[in-house]
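Visitor: What follows is each chain in one-letter form.
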Amino acid sequence: MQAGMQEFRGTADYIASEDLMNSVNVSMALGRPLLIKGEPGTGKTMLARSISEGLGRRLIIWNIKSTTKAQDGLYIYDTVQRLYDSQFGDHDVSDISQYIRLGKLGEAFASDEPVVLLIDEIDKADLEFPNDLLWELDMMSFFIPETGETITAKHRPTVIITSNAEKELPDAFLRRCIFHYISFPEPEMMKEIVRVHHPKLEDRLIAEAMEAFYWIRSLSGLQKKPSTSELLDWVQALAVGGISLEKIRKEIPLLGVLIKKNQDFDIILKRLNTQGPAKTKPRSQTLWG
Amino acid sequence: MFVNFFYELKRTGVPVSLTEWMTLMEALSKGLAFSSLSGFYYLARAVLVKSEAHFDSYDIAFQNYFKGIETPVNVLEQALEWLKDALPPYMVSPEERKLFQEWDLDKLRRELEERLRTQDGQHHGGSKWIGTGGRSPFGFGGYHPAGVRIGGESLNHSAVKVAAERRYRGYRSDETLGVRQFEVALRKLRQLTSRTEGEKDVLDLDGTIDATCRNAGRLELVWDRSRKNTMKVVLVMDSGGSMDPYIDLCSQLFSAVNRSTHFKDLKFYYFHNCIYENMYVDPACISRYAVKTYDVLRNLDPEYRLIIVGDASMAPSELTMIGGAIDWNNMDNEPGLVWLERIVKHFPHAVWLNPIPSQWWEPRLYYGAYTISLVRKLFPMFELTLDGLEQAIKQLKARF
Numbered sequence: 001m002q003a004g005m006q007e008f009r010g011t012a013d014y015i016a017s018e019d020l021m022n023s024v025n026v027s028m029a030l031g032r033p034l035l036i037k038g039e040p041g042t043g044k045t046m047l048a049r050s051i052s053e054g055l056g057r058r059l060i061i062w063n064i065k066s067t068t069k070a071q072d073g074l075y076i077y078d079t080v081q082r083l084y085d086s087q088f089g090d091h092d093v094s095d096i097s098q099y100i101r102l103g104k105l106g107e108a109f110a111s112d113e114p115v116v117l118l119i120d121e122i123d124k125a126d127l128e129f130p131n132d133l134l135w136e137l138d139m140m141s142f143f144i145p146e147t148g149e150t151i152t153a154k155h156r157p158t159v160i161i162t163s164n165a166e167k168e169l170p171d172a173f174l175r176r177c178i179f180h181y182i183s184f185p186e187p188e189m190m191k192e193i194v195r196v197h198h199p200k201l202e203d204r205l206i207a208e209a210m211e212a213f214y215w216i217r218s219l220s221g222l223q224k225k226p227s228t229s230e231l232l233d234w235v236q237a238l239a240v241g242g243i244s245l246e247k248i249r250k251e252i253p254l255l256g257v258l259i260k261k262n263q264d265f266d267i268i269l270k271r272l273n274t275q276g277p278a279k280t281k282p283r284s285q286t287l288w289g
Numbered sequence: 290m291f292v293n294f295f296y297e298l299k300r301t302g303v304p305v306s307l308t309e310w311m312t313l314m315e316a317l318s319k320g321l322a323f324s325s326l327s328g329f330y331y332l333a334r335a336v337l338v339k340s341e342a343h344f345d346s347y348d349i350a351f352q353n354y355f356k357g358i359e360t361p362v363n364v365l366e367q368a369l370e371w372l373k374d375a376l377p378p379y380m381v382s383p384e385e386r387k388l389f390q391e392w393d394l395d396k397l398r399r400e401l402e403e404r405l406r407t408q409d410g411q412h413h414g415g416s417k418w419i420g421t422g423g424r425s426p427f428g429f430g431g432y433h434p435a436g437v438r439i440g441g442e443s444l445n446h447s448a449v450k451v452a453a454e455r456r457y458r459g460y461r462s463d464e465t466l467g468v469r470q471f472e473v474a475l476r477k478l479r480q481l482t483s484r485t486e487g488e489k490d491v492l493d494l495d496g497t498i499d500a501t502c503r504n505a506g507r508l509e510l511v512w513d514r515s516r517k518n519t520m521k522v523v524l525v526m527d528s529g530g531s532m533d534p535y536i537d538l539c540s541q542l543f544s545a546v547n548r549s550t551h552f553k554d555l556k557f558y559y560f561h562n563c564i565y566e567n568m569y570v571d572p573a574c575i576s577r578y579a580v581k582t583y584d585v586l587r588n589l590d591p592e593y594r595l596i597i598v599g600d601a602s603m604a605p606s607e608l609t610m611i612g613g614a615i616d617w618n619n620m621d622n623e624p625g626l627v628w629l630e631r632i633v634k635h636f637p638h639a640v641w642l643n644p645i646p647s648q649w650w651e652p653r654l655y656y657g658a659y660t661i662s663l664v665r666k667l668f669p670m671f672e673l674t675l676d677g678l679e680q681a682i683k684q685l686k687a688r689f
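From first to last, the protein sequence lines stand for chains A and B.
Letter by letter, the first sequence follows residues 1 to 289 of this note's numbering.
Letter by letter, the second sequence follows residues 290 to 689 of this note's numbering.
Calculated directly from the structure, the hints in this document are not laboratory data.
Any given hint could turn out to be false.
[Stated by the list, open to error] Far from chain A by the CB rule (all over 10 Å, computed), these chain B residues:
| hint | residue |
| --- | --- |
| 1 | Lys339 |
| 2 | Glu341 |
| 3 | Val627 |
[Said to hold, decoys possible] Computed, partial: chain B to chain A, Cβ under 7 Å:
| hint | residue |
| --- | --- |
| 4 | Ser306 |
| 5 | Thr308 |
| 6 | Glu309 |
| 7 | Tyr331 |
| 8 | Leu508 |
[Stated by the list, open to error] Simulated restraints, written as ranges between beta carbons of each label pair:
| hint | chain 1 | residue 1 | chain 2 | residue 2 | range |
| --- | --- | --- | --- | --- | --- |
| 9 | A | Ser17 | B | Ala500 | 17 to 25 Å |
| 10 | A | Ser17 | B | Gly320 | 42 to 50 Å |
| 11 | A | Glu168 | B | Ser325 | 29 to 37 Å |
| 12 | A | Gln236 | B | Gly320 | 42 to 50 Å |
| 13 | A | Ala172 | B | Phe291 | 38 to 46 Å |
| 14 | B | Ala500 | A | Gln263 | 35 to 43 Å |
| 15 | A | Gln98 | B | Arg300 | 51 to 59 Å |
Every residue, glycine too, gets a C-beta built ideally from N, C-alpha and C.
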């Protein structure tokens with residue numbers, strides 16, 4: 001590692017695995033965008049927040065929607081406004097730069113201090129979207145033909161890109177990225193994550209809840225498996241609701257917090273009676289004892 | 290440096306490019322691997338591999354290239370190769386199971402190493418070599434009361450030790466995956482056009498200038514339509530008894546198609562083994578929910594993309610004989626093949642997805658494969674896996 005290089009080590013409220021931290025540092029050292037994939041709810045978006053906090057840099061978030069175009073991230077030339085202004089002659093419309101507004105990527109380039117840029121859910125946009133950004137992300141600069149101005153990054157921003165894999169990303173784009181796949185946390189790591197978010201909860205409550213949670217995830221045929229963020233909500237709900245510990249594995253109360261689909265509800269309730277987690281021997285001692 | 294590793298990766302099917310390789314070299318020269326093999330493992334993976342579907346292949350290549358450097362030789366990959374093309378599982382009675390209660394793990398492991406050294410290829414159904422469906426202590430899907438399961442699925446629950454662990458195996462794209470992956474694949478099925486309908490929400494600059502000039506300089510804005518998907522899809526599924534083992538798979542495909550909001554129109558129909566004069570709007574395939582196949586053909590124009598899902602495995606008479614339909618009350622006066630031909634003539638864009646793996650489509654291997662070969666003469670057939678679906682979609686998008 002180069003001297004003076006800032007290194008990402010996770011933050012107090014975000015547990016990052018060893019290889020994730022590695023990937024973040026590699027992408028920063030090489031100045032390449034880091035592409036993060038993973039199941040929904042594994043903390044992809046939270047990562048950027050944690051990096052910005054950990055390094056003390058400003059976070060710029062560019063939320064991608066299905067209608068977002070690559071151009072929107074660079075700058076927007078408000079033609080309509082200019083046309084309207086020209087109509088009445090009360091504005092000086094010869095200065096085009098007053099109708100140029102920088103997008104999120106442009107903002108990150110123009111910033112005077114190094115920033116973290118999060119391009120969130122890039123797969124939501126059109127298939128060609130990532131290709132349209134290749135040059136800009138490579139060169140960290142773009143040209144505004146309307147004003148003849150070139151915006152160049154003063155400091156190379158740390159670019160984090162998240163994807164839910166709704167669309168395949170183009171190869172040319174992938175070649176330029178560092179890739180990391182956040183796999184679903186193992187029970188031990190999950191316990192740490194729950195601890196970080198709910199430091200005051202009883203050990204046994206967490207153990208029981210996790211037992212039930214991993215049992216549900218192990219069921220086949222679920223349309224949507226519950227994820228980390230749902231577990232966190234559920235643990236919170238269990239604690240607030242004052243549910244007795246014995247009930248958690250036997251009945252899985254407040255199931256609605258974990259499960260969002262009707263069919264999944266039915267599957268779980270049906271299996272709960274025959275092979276629920278209460279029927280199997282608790283693994284608590286061996287797994288997190 | 291490590292040039293052969295690059296080729297090893299290519300050989301195992303990881304699509305690495307020179308750009309990425311140069312990036313890795315740059316990273317190494319900056320010391321980002323921290324001079325350790327595990328550091329190198331993560332670094333090279335982050336730089337070279339761009340999809341979790343290739344993690345497993347990467348693991349294999351890494352093992353091949355670096356074997357003997359850090360960990361002792363891992364010959365299990367070879368054994369896993371031999372275990373491909375599995376036989377159906379061998380089931381045992383509890384009495385048989387009792388015969389072997391005691392087995393020494395160390396002895397077993399020694400024998401496995403011995404076998405790995407001496408075995409030279411695939412062996413299935415026997416009782417000594419590593420293979421599937423047999424009674425050898427090594428392999429999977431077979432039965433030896435205290436055997437070593439190597440990969441595969443535990444079926445008789447007797448493996449003393451699961452010998453192979455490859456964590457990212459589940460993400461391979463040639464395996465069948467979940468709803469989400471199907472959805473991703475389906476998204477490629479689209480055909481964009483801006484001509485027909487939709488909201489006019491994009492400023493047409495040329496049109497605006499034109500109209501404003503005509504308007505003697507008074508601003509007149511002209512809006513245009515954005516591009517929309519015009520793809521229309523009809524999905525027809527076999528819900529017969531022989532499809533039962535694939536219900537999970539089919540329902541995953543169904544929910545993926547159902548959730549795809551990007552199609553202009555989407556229709557579902559069901560049939561039992563083969564399509565005759567009726568199709569059904571309900572998987573139960575009872576006459577109350579029947580629609581005339583002729584009506585369907587009349588109502589849906591040939592622009593619809595037809596996806597048929599079925600195992601195409603039935604008695605040959607169901608395809609070739611008049612009145613051959615499996616349901617008694619369905620006394621057709623035309624054989625199934627005539628109906629299938631009629632359908633494929635109406636829909637030039639049609640594919641058949643088969644949940645039975647393609648290696649079984651060869652008639653001498655499997656009893657249902659004769660009818661599969663008949664159906665394949667009419668429809669382009671693909672496996673119902675992610676790869677198969679992607680190929681099928683390519684086929685559907687082709688223009689004539």
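Visitor: Grab the minimum C-beta distance from B/Ser306 to chain A and call the hint holds if it beats 7 Å, violated otherwise.
Guide: Status holds, d = 5 Å.
Visitor: Is the gap between the beta carbons of B/Ala500 and A/Gln263 within 35 to 43 Å?
Guide: violated, 53 Å
Visitor: That 42 to 50 Å hint for A/Ser17 and B/Gly320 (C-beta), does it hold up?
Guide: Given about 22 Å between the Cβ atoms, the range is violated.
Visitor: Look at the Cβ atoms of A/Gln98 and B/Arg300 and judge whether their distance stays inside 51 to 59 Å.
Guide: holds, 58 Å
Visitor: Grab the minimum beta-carbon distance between B/Lys339 and chain A and tell me whether it stays above 10 Å.
Guide: violated, 4 Å
Visitor: Check the following: the C-beta atoms of A/Glu168 and B/Ser325 are separated by a distance inside 29 to 37 Å.
Guide: holds, 33 Å
Visitor: Less than 7 Å between beta-carbons is the criterion; does B/Tyr331 satisfy it with respect to chain A?
Guide: holds, 5 Å
Visitor: Can we keep the B/Thr308 interface hint, with Cβ of chain A closer than 7 Å?
Guide: holds, 5 Å
Visitor: B/Val627 clear of chain A by more than 10 Å, beta carbon to beta carbon?
Guide: holds, 38 Å
Visitor: Just to be careful: measuring from the Cβ of B/Glu309 to every Cβ in chain A, is the smallest value less than 7 Å?
Guide: Holds. Min distance 6 Å.
Visitor: Between A/Ser17 and B/Ala500, does the beta-carbon spacing fit 17 to 25 Å?
Guide: Since the Cβ atoms of A/Ser17 and B/Ala500 sit about 59 Å apart, the hinted range of 17 to 25 Å is violated.
Visitor: How about B/Leu508: closest beta carbon in chain A under 7 Å, or not?
Guide: It holds, given that the least Cβ distance between B/Leu508 and chain A is near 5 Å, below 7 Å.
Checked against the numbered hints listed earlier, the structure breaks hints 1, 2, 9, 10, 13, 14; every other hint is satisfied.
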